[in-house]
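> Here's the letter readout for the chains.
Number of protein chains: 2
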Amino acid sequence: MRALLLQTARTGATVNHMVQYIEARLDASFAALSDATRRGVLAQLGCADASITDLADKFRMTLTGMKKHVGVLERAGLVTTEKVGRVRTCKLGPRRLEEEVMWIERYRQLWDARFDELDQVVEELKRKERVNERRKK
Amino acid sequence: MRALLLQTARTGATVNHMVQYIEARLDASFAALSDATRRGVLAQLGCADASITDLADKFRMTLTGMKKHVGVLERAGLVTTEKVGRVRTCKLGPRRLEEEVMWIERYRQLWDARFDELDQVVEELKRKERVNERRKK
Chain A
1 MRALLLQTAR TGATVNHMVQ YIEARLDASF AALSDATRRG VLAQLGCADA SITDLADKFR
61 MTLTGMKKHV GVLERAGLVT TEKVGRVRTC KLGPRRLEEE VMWIERYRQL WDARFDELDQ
121 VVEELKRKER VNERRKK
Chain B
1 MRALLLQTAR TGATVNHMVQ YIEARLDASF AALSDATRRG VLAQLGCADA SITDLADKFR
61 MTLTGMKKHV GVLERAGLVT TEKVGRVRTC KLGPRRLEEE VMWIERYRQL WDARFDELDQ
121 VVEELKRKER VNERRKK
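Protein chains in written order, with my numbering: chain A, 1 to 137; chain B, 1 to 137.
Excised from the complex, chain A in its bound form (with noise of 0.2 Å):
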C-alpha cells in the first residue's frame, strides 16, 4: 500500500512536471509570436534559411535587434541557428506549434458552448416575453 502511494505521488509529480513543461513552453512560444518582426522572421525562414545578417538587412533592423529576436524565437524552439565561419545561419526548429493549435482549439469548443449558452438564454428571454405580451392582449 505504502509503495503504491508512493508510486501515485510519483505519477502525480510526473504529470504536474508535465504540465508546467507544456505551460513554460507555451508561455515562451506565445511571447514569440507575439512580436511582427518575429513572425516576419518564420515566414521568411519557411521560404529559405537566412543569416543574421540577410534578416537585419530585410527587416531594417541592427545586427544586435535582429540578434535578439533571433534569440527569442531560439529559446522557444522556433528557430535553429547554426555558426559556420562567420556566417550565423537561421532556419525553422523543431517546433510545429502543435501545442499552440491544441490549447487554441480546444479554447474555441469552450467559446463555441459559452455562446450558444448564452443564445439559448436570449431565446428563452425572448419566449417568455412572446408569452407574457400574448397574455397582456
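Among the clues, some could well be false.
All copies of an identical chain are treated as equivalent in the list; a pair is satisfied when it fits inside any one copy or across any two copies.
In silico DSSO-like pairs for lysine-lysine, Cα to Cα no more than 27 Å straight-line [said to hold, decoys possible]:
| # | residue 1 | residue 2 |
| --- | --- | --- |
| 1 | Lys83 | Lys136 |
| 2 | Lys83 | Lys126 |
| 3 | Lys83 | Lys68 |
| 4 | Lys67 | Lys136 |
| 5 | Lys137 | Lys83 |
| 6 | Lys137 | Lys68 |
| 7 | Lys91 | Lys67 |
| 8 | Lys91 | Lys126 |
| 9 | Lys128 | Lys91 |
| 10 | Lys58 | Lys126 |
| 11 | Lys83 | Lys58 |
| 12 | Lys68 | Lys58 |
| 13 | Lys91 | Lys68 |
Since the hints were made in silico from the structure, they are not lab data.
Here the structure of chain A is known, so what remains is to put chain B in place on it, guided by the hints.
For chain B alone, kept in the frame of chain A given last:
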C-alpha cells in the same frame, strides 16, 4: 489618370492600415496568451462568468495582480468586463482567435513544405552516395 493614381494610393494605404491593424491585434493576443494564469482565466471564463474577486481567489493572487491580467486580456478583446454596483464581472470577449489560428496554419504549411524539401535533399544525397559506392566496386 490622376484620380486613378490617387485611388490606387488610397487603396494601398487602406490595405497597409488593415495589415498594420491585424499585426497589432496578433501582437496583443499572442502576448495575452503568453502567460499561464491568463490562459487559465480564459479557460475558467469558458466555463462560467466570474468576478475579479472570484478569479483572484481561484488563482491565489492579489486583486491588483488579477486586475492587471484581466486588463491585458480585455485590451486584446479576449475578455469583456462589466461593473454592476461594486462587482466587476468578467466574461469571454468577442474574439474567437480566428486570425491567430490562420497565422499558425499558414506557418505550419510553410514548415511542412520546408521539411519536405530537406527530406528530398537528404534522399538525393543518399542516392548519389549509393551510385558512387557502386562505381567504386
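> If a hint holds in the structure, say so; if it doesn't, say that too.
A quick look at each hint next to the structure:
{"no.": "1", "hint": "Lys83 - Lys136", "result": "neither (82 Å within a copy, 34 Å between copies)"}
{"no.": "2", "hint": "Lys83 - Lys126", "result": "between (67 Å within a copy, 25 Å between copies)"}
{"no.": "3", "hint": "Lys83 - Lys68", "result": "within (16 Å within a copy, 41 Å between copies)"}
{"no.": "4", "hint": "Lys67 - Lys136", "result": "neither (73 Å within a copy, 46 Å between copies)"}
{"no.": "5", "hint": "Lys137 - Lys83", "result": "neither (83 Å within a copy, 37 Å between copies)"}
{"no.": "6", "hint": "Lys137 - Lys68", "result": "neither (72 Å within a copy, 51 Å between copies)"}
{"no.": "7", "hint": "Lys91 - Lys67", "result": "within (14 Å within a copy, 39 Å between copies)"}
{"no.": "8", "hint": "Lys91 - Lys126", "result": "between (57 Å within a copy, 22 Å between copies)"}
{"no.": "9", "hint": "Lys128 - Lys91", "result": "between (61 Å within a copy, 25 Å between copies)"}
{"no.": "10", "hint": "Lys58 - Lys126", "result": "neither (57 Å within a copy, 34 Å between copies)"}
{"no.": "11", "hint": "Lys83 - Lys58", "result": "within (20 Å within a copy, 47 Å between copies)"}
{"no.": "12", "hint": "Lys68 - Lys58", "result": "within (15 Å within a copy, 36 Å between copies)"}
{"no.": "13", "hint": "Lys91 - Lys68", "result": "within (16 Å within a copy, 36 Å between copies)"}
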